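Per my numbering, residue 162 is the first one in the sequence shown, and the count goes up by one each step.
Hints were generated in silico from the structure; no laboratory data involved.
Treat the hints with caution; some may be incorrect.
Capping the alpha-carbon separation at 20 Å, the derived lysine to aspartate or glutamate pairs in EDC-like fashion look like this [unchecked claim]:
| id | residue 1 | residue 2 |
| --- | --- | --- |
| 1 | Lys280 | Glu270 |
| 2 | Lys237 | Asp311 |
| 3 | Lys280 | Glu233 |
| 4 | Lys280 | Asp311 |
| 5 | Lys239 | Asp274 |
| 6 | Lys239 | Glu208 |
| 7 | Lys239 | Asp311 |
| 8 | Lys312 | Asp252 |
| 9 | Lys239 | Asp254 |
| 10 | Lys263 | Glu281 |
| 11 | Lys263 | Glu315 |
In this text the structure is predicted, and so the values were computed from the model without any measurement.
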Amino acid sequence: MLSAESIEKIEYELTKYPADQRQAAVMSALRIVQTERGWLSQECISEVAAYLRMPEIAAMEVATFYNMYDLEPVGKYKITVCTNISCMLRDSDAIVDHLQAKLGVGFNEVSADGKFCLKEGECMGACSGAPLMTVNNHTMYEFLTPESVDKILESLK
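Start from the sequences and build out the full structure, keeping to the hints where you can.
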């Protein structure tokens, strides 16, 4: 069941759309549920679809299309590093190497303690701050260096 808190947040999102277009809030609803539960199981996606009165397959199509949705557990902190051209030209490869060594994981793996997952991301639209990464799709860090990454990781522990 969707929590009362999630329902309240989804209801707020629904105010942004015509009453007969509930499915328009699917991306927001999936984000809300993922933020609460950590990832989107098939059951979560089904609950969102039922609440929005839309076909389950349509909600699943959204959840599987966008890379911000996690369809399996990702650990407490999902670190997504942009490896697109602007970040690559500003040495995102060194940031990736540093994170992989520091966390002991490759892309799409969860650290042994279950705290960290490392993901490769597409352009995040902040090329002037390259290289950059996000934590849990919500907090962006720009102008990364191995030293700044260490400080960020330390703040998450």
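How the hints compare with the structure:
1. For a cut-off of 20 Å, the pair hint linking Lys280 to Glu270 stands: about 8 Å separates their Cα positions.
2. For the given pair, Lys237 sits about 17 Å from Asp311 by alpha-carbon distance, which is consistent with the 20 Å threshold.
3. For the hint linking Lys280 to Glu233, the alpha-carbon distance of about 13 Å falls within 20 Å, and the restraint holds.
4. With a CA separation close to 17 Å, the supplied pair Lys280 and Asp311 stays within the 20 Å bound.
5. For the given pair, Lys239 sits about 13 Å from Asp274 by alpha-carbon distance, which is consistent with the 20 Å threshold.
6. Of the pairs offered as hints, the one joining Lys239 and Glu208 is violated, with about 23 Å between alpha carbons and a cut-off of 20 Å exceeded.
7. With a CA separation close to 15 Å, the supplied pair Lys239 and Asp311 stays within the 20 Å bound.
8. Distance hint between Lys312 and Asp252 is fulfilled; the C-alpha atoms sit about 18 Å from each other, no more than 20 Å.
9. The suggested pairing of Lys239 with Asp254 holds, with an alpha-carbon distance near 18 Å, which does not exceed 20 Å.
10. Between Lys263 and Glu281, the direct Cα distance comes to roughly 16 Å. Compliance with the 20 Å bound is thereby established for this hinted pair.
11. For the proposed pair Lys263 and Glu315, the alpha carbon gap of about 11 Å is at most 20 Å, so the pair holds.
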